[in-house]
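Below, each chain spelled out in residue letters.
2 protein chains.
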Amino acid sequence: MNPRLEIFSQGDEVVTGQIVDTNAAWLAQQAVSFGFHVTRHTAVGDRIEDLIALLGEIAQRADCCLCTGGLGPTTDDLTAEAVATAFNLPLVLDTEALAHIEQFFAHRQRVMPASNGKQALFPQGAQRLDNEYGTAPGFAVQVGRCWFVFMPGVPSEMKPMYTHKVQPQLSERFALQPSNLTTLRTLGIGESAIQELMNSIAIPDDVQLGYRAELGEVQTKLLFPFAYAESEKAALVNQIAAQLGDTVFAIDHTRETSSDLISVLNDLMTQGDYTLAVIETVSCGLLTSLCIGADWLVEARYQPALISTEQTDLQALALELQTTSGATFALVQLYIGDKNGVMILRNGLLTPYGFYATTQTIAGALKRKQHQSALSALDLLRRYLQQKL
Amino acid sequence: MNPRLEIFSQGDEVVTGQIVDTNAAWLAQQAVSFGFHVTRHTAVGDRIEDLIALLGEIAQRADCCLCTGGLGPTTDDLTAEAVATAFNLPLVLDTEALAHIEQFFAHRQRVMPASNGKQALFPQGAQRLDNEYGTAPGFAVQVGRCWFVFMPGVPSEMKPMYTHKVQPQLSERFALQPSNLTTLRTLGIGESAIQELMNSIAIPDDVQLGYRAELGEVQTKLLFPFAYAESEKAALVNQIAAQLGDTVFAIDHTRETSSDLISVLNDLMTQGDYTLAVIETVSCGLLTSLCIGADWLVEARYQPALISTEQTDLQALALELQTTSGATFALVQLYIGDKNGVMILRNGLLTPYGFYATTQTIAGALKRKQHQSALSALDLLRRYLQQKL
Numbered sequence: 001m002n003p004r005l006e007i008f009s010q011g012d013e014v015v016t017g018q019i020v021d022t023n024a025a026w027l028a029q030q031a032v033s034f035g036f037h038v039t040r041h042t043a044v045g046d047r048i049e050d051l052i053a054l055l056g057e058i059a060q061r062a063d064c065c066l067c068t069g070g071l072g073p074t075t076d077d078l079t080a081e082a083v084a085t086a087f088n089l090p091l092v093l094d095t096e097a098l099a100h101i102e103q104f105f106a107h108r109q110r111v112m113p114a115s116n117g118k119q120a121l122f123p124q125g126a127q128r129l130d131n132e133y134g135t136a137p138g139f140a141v142q143v144g145r146c147w148f149v150f151m152p153g154v155p156s157e158m159k160p161m162y163t164h165k166v167q168p169q170l171s172e173r174f175a176l177q178p179s180n181l182t183t184l185r186t187l188g189i190g191e192s193a194i195q196e197l198m199n200s201i202a203i204p205d206d207v208q209l210g211y212r213a214e215l216g217e218v219q220t221k222l223l224f225p226f227a228y229a230e231s232e233k234a235a236l237v238n239q240i241a242a243q244l245g246d247t248v249f250a251i252d253h254t255r256e257t258s259s260d261l262i263s264v265l266n267d268l269m270t271q272g273d274y275t276l277a278v279i280e281t282v283s284c285g286l287l288t289s290l291c292i293g294a295d296w297l298v299e300a301r302y303q304p305a306l307i308s309t310e311q312t313d314l315q316a317l318a319l320e321l322q323t324t325s326g327a328t329f330a331l332v333q334l335y336i337g338d339k340n341g342v343m344i345l346r347n348g349l350l351t352p353y354g355f356y357a358t359t360q361t362i363a364g365a366l367k368r369k370q371h372q373s374a375l376s377a378l379d380l381l382r383r384y385l386q387q388k389l
Numbered sequence: 001m002n003p004r005l006e007i008f009s010q011g012d013e014v015v016t017g018q019i020v021d022t023n024a025a026w027l028a029q030q031a032v033s034f035g036f037h038v039t040r041h042t043a044v045g046d047r048i049e050d051l052i053a054l055l056g057e058i059a060q061r062a063d064c065c066l067c068t069g070g071l072g073p074t075t076d077d078l079t080a081e082a083v084a085t086a087f088n089l090p091l092v093l094d095t096e097a098l099a100h101i102e103q104f105f106a107h108r109q110r111v112m113p114a115s116n117g118k119q120a121l122f123p124q125g126a127q128r129l130d131n132e133y134g135t136a137p138g139f140a141v142q143v144g145r146c147w148f149v150f151m152p153g154v155p156s157e158m159k160p161m162y163t164h165k166v167q168p169q170l171s172e173r174f175a176l177q178p179s180n181l182t183t184l185r186t187l188g189i190g191e192s193a194i195q196e197l198m199n200s201i202a203i204p205d206d207v208q209l210g211y212r213a214e215l216g217e218v219q220t221k222l223l224f225p226f227a228y229a230e231s232e233k234a235a236l237v238n239q240i241a242a243q244l245g246d247t248v249f250a251i252d253h254t255r256e257t258s259s260d261l262i263s264v265l266n267d268l269m270t271q272g273d274y275t276l277a278v279i280e281t282v283s284c285g286l287l288t289s290l291c292i293g294a295d296w297l298v299e300a301r302y303q304p305a306l307i308s309t310e311q312t313d314l315q316a317l318a319l320e321l322q323t324t325s326g327a328t329f330a331l332v333q334l335y336i337g338d339k340n341g342v343m344i345l346r347n348g349l350l351t352p353y354g355f356y357a358t359t360q361t362i363a364g365a366l367k368r369k370q371h372q373s374a375l376s377a378l379d380l381l382r383r384y385l386q387q388k389l
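Here the protein sequences line up with chains V and A, keeping their order. Under my numbering, residues 1 to 389 are what the first sequence spells out, in order. Under my numbering, residues 1 to 389 are what the second sequence spells out, in order.
Check the hints yourself; a few may be wrong.
The list cannot tell twin chains apart, which means a pair is met if one copy fits it or any two copies do.
[As the list claims (entries may be wrong)] Below, simulated BS3-like cross-link-like pairs (lysine-lysine); rule was C-alpha separation at most 27 Å, straight line: (1) Lys118 <-> Lys233; (2) Lys165 <-> Lys367; (3) Lys367 <-> Lys159; (4) Lys339 <-> Lys159; (5) Lys221 <-> Lys118; (6) Lys388 <-> Lys118; (7) Lys388 <-> Lys221; (8) Lys339 <-> Lys118; (9) Lys233 <-> Lys388; (10) Lys221 <-> Lys339; (11) Lys165 <-> Lys339; (12) Lys159 <-> Lys118; (13) Lys388 <-> Lys159; (14) Lys165 <-> Lys118; (15) Lys388 <-> Lys165; (16) Lys165 <-> Lys233; (17) Lys233 <-> Lys221; (18) Lys233 <-> Lys367; (19) Lys233 <-> Lys339.
Treat the hints as calculated values from the structure; they're not laboratory data.
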């Protein structure tokens, strides 16, 4: 039997519904993939009695508990105090943690407010988990059968803390038999079209098939049981990849890899030492924004006034962009139609070896169109680079 | 004391993190604004023992429980059975419900699978809640102090059921006294700096103070009890707004309003019939992307090669942008430093009445810098438009 794990989210903003608790789902996915049996999620607000009661319950039921929230500097951040009271572990000042927090402020040339000092107090016997992206350190403590891990509620601080400080300890502390996940990532095809293509493929009973649709992208997921034969796994994955064809832009062979379109493009552009210039319309800066950190994007223009007709010369626009920017590739996106209705999207890609264009229809809310148009333009570049045009 | 309400979500897909539980947040918001004290959310998977245990716990603690999921026709839909067992209320066939379900299939010219018959079985004494958008009826049952409401997990079925069948019963069944939330939204100041400023302000004991930090933005939240005197409320909010000064970009006086920076800018730009042109560097398209749908953004350029020195003439760049774009305002962002280290951000805003510039330090991960730099540039425009420069 896999060890039992619970997720615990603290905060009035969660319990009153001001924010959707995405941390719980993210941590649960991580834990399941590592081989835990996730049995329960609980969220309570910033009331010390509720926190103490819940900690006591979980200590009886679970082998591991992943908690988020309540580690900030303010008076409604009560986690350390609740742990201290619930388990009779007095708070102790960690001078190293205090130095880290002071450093965080010094680094930003700000004075540390006195209230941040509280973030260096931990229940006796706890292991400190440093926070690379914020002031709130986390901590972990074993209470009876249960290993409690407390992390910040801000996802951009919690996720790296989990990945770098918590996950490496799990395999030492627990006897886990993780299942194995393979994800085929596709663009330019819908979930039901994929399901139809998959009908002709026999999926073994012990392999679990699932789908997940995000904006524009569909993921086909295969969950293989622990110690499934590698050769059989490879044969099945290859058969499915062949069936889905050039819509597949990446295959993630483990849960830990996550080859999104940008990381795939990053590899291809960097290997070829290529550069890109872009003109955006419908995607309104999102295409550029997704390329954050990519040195190969040398210029981008958002020119909302550039509405095209069927006749507008995409290729001439791309050529002008390529010439003025000096980039290897010029990617231009125009549209026909009203932004609140159904739109026809025209992507044009000028490369040193020719010009490629696509036309497609997009509909739905403005943000959905923004996202889909950004991905569809970048996917044209991806297909060119993967020699699928 | 407001009645205590808990949210209960059932389903393996929630507890394993395959889906994010948006139902819980939505229901919690509804309940809070109606005057409930929401004390806990819990999610468990499709295991009958877990369901029975949780139902028993909640019946002891809460006055009302809103549950979603587990009402479908398949073998992993166990809610009615769990309620029957937990509270010793044998399942009874509701012939009217069965007729509804049969009708649902007849209407779509499909044969009703035998398994759907199970959806017409309810615990003795339960009140049926018809489902206008699917086959699964919900039900409600009073057990001791707690009124349990069971709804489908599919949001498009659950929300109308809550709104039309559940909410109208709440004011009859409970003496509700909704509290009132005011949110002061600030940019350019940290959570702990706000807390220091707030130290000098006396918050009455019956007013609950809380904070929430998002990327760049901090929200100071005041929860006023039912029937709190409007004049006292206004006085306190004004005192805090004065203390926080020009960092306050909006004040939301109810839970239903949500004035983010872009909506505030939208109002100001549209009222003045102004237009904006932008040069982005660190924010890499995100500033533009956040303005999706805003007709006042007439041009944006991402020019990563534009690294500034202290001497680079922000004003000259802004003037050139204003001239070529014809926009009312030209907003230019440059930076000094390496993108992986601490950066100095320089924002320049050229208006018809003068040039304004700010300098600040940013640090952290690339995406964090991207977000903070986009907000800080837009916030310079906001301060100008609100006449706070």
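Verification of the supplied hints:
1. When the C-alpha separation of Lys118 and Lys233 is checked against a cutoff of 27 Å, the pair qualifies neither within a copy, at 51 Å, nor between copies, at 31 Å.
2. In this assembly of identical chains, the alpha carbons of Lys165 and Lys367 lie at most 27 Å apart only when taken from different copies (21 Å versus 35 Å within one copy).
3. Taking the closest pair of Cα atoms, Lys367 and Lys159 come within 27 Å of each other both inside a single copy (26 Å) and across two copies (14 Å).
4. Taking identical chains as interchangeable, the C-alpha atoms of Lys339 and Lys159 lie at most 27 Å apart only when they sit on different chains, with a minimum of 22 Å there against 36 Å within one chain.
5. In this homomeric assembly, Lys221 and Lys118 come within 27 Å of each other (Cα to Cα) only across copies, at 21 Å, whereas the closest approach inside a single copy is 44 Å.
6. Proximity of Lys388 and Lys118 under a CA criterion of 27 Å is satisfied in neither setting, with 57 Å inside one chain copy and 34 Å between copies.
7. Taking the shortest alpha-carbon separations for Lys388 and Lys221, only the intra-copy value of 23 Å comes in at or below 27 Å, while the best inter-copy value is 52 Å.
8. In the homo-oligomer, the alpha carbons of Lys339 and Lys118 never lie at most 27 Å apart, since the shortest distance is 51 Å inside one protomer and 32 Å across protomers.
9. In the homo-oligomer, the alpha carbons of Lys233 and Lys388 lie at most 27 Å apart inside one protomer (24 Å), although the nearest pairing across protomers, at 63 Å, exceeds that limit.
10. For the homomeric pair Lys221 and Lys339, neither the shortest alpha-carbon distance inside one copy (34 Å) nor that between copies (36 Å) is at most 27 Å.
11. For the identical chains of this complex, Lys165 and Lys339 are inter-copy neighbours only, at 25 Å across copies versus 46 Å inside a copy, given an alpha-carbon limit of 27 Å.
12. Within a single copy, Lys159 and Lys118 get their C-alpha atoms as close as 23 Å, which meets the 27 Å cut-off; across copies the closest is 42 Å, which misses it.
13. Taking identical chains as interchangeable, the C-alpha atoms of Lys388 and Lys159 are never at most 27 Å apart, the minima being 35 Å within one chain and 37 Å between chains.
14. Within a single copy, Lys165 and Lys118 get their C-alpha atoms as close as 21 Å, which meets the 27 Å cut-off; across copies the closest is 47 Å, which misses it.
15. Neither within a single protomer nor between protomers do Lys388 and Lys165 lie at most 27 Å apart by alpha-carbon distance, with minima of 41 Å and 44 Å respectively.
16. When the C-alpha separation of Lys165 and Lys233 is checked against a cutoff of 27 Å, the pair qualifies neither within a copy, at 31 Å, nor between copies, at 45 Å.
17. For the homomeric pair Lys233 and Lys221, the shortest alpha-carbon distance inside one copy (13 Å) is at most 27 Å, but the shortest distance between copies (52 Å) is not.
18. Taking the shortest Cα distances, Lys233 and Lys367 never come within 27 Å of each other, neither inside one copy (38 Å) nor across copies (36 Å).
19. Neither within a single protomer nor between protomers do Lys233 and Lys339 lie at most 27 Å apart by alpha-carbon distance, with minima of 45 Å and 42 Å respectively.
Violated hints, listed in ascending order, are 1, 6, 8, 10, 13, 15, 16, 18, 19; each of the other numbered hints is respected by the structure.
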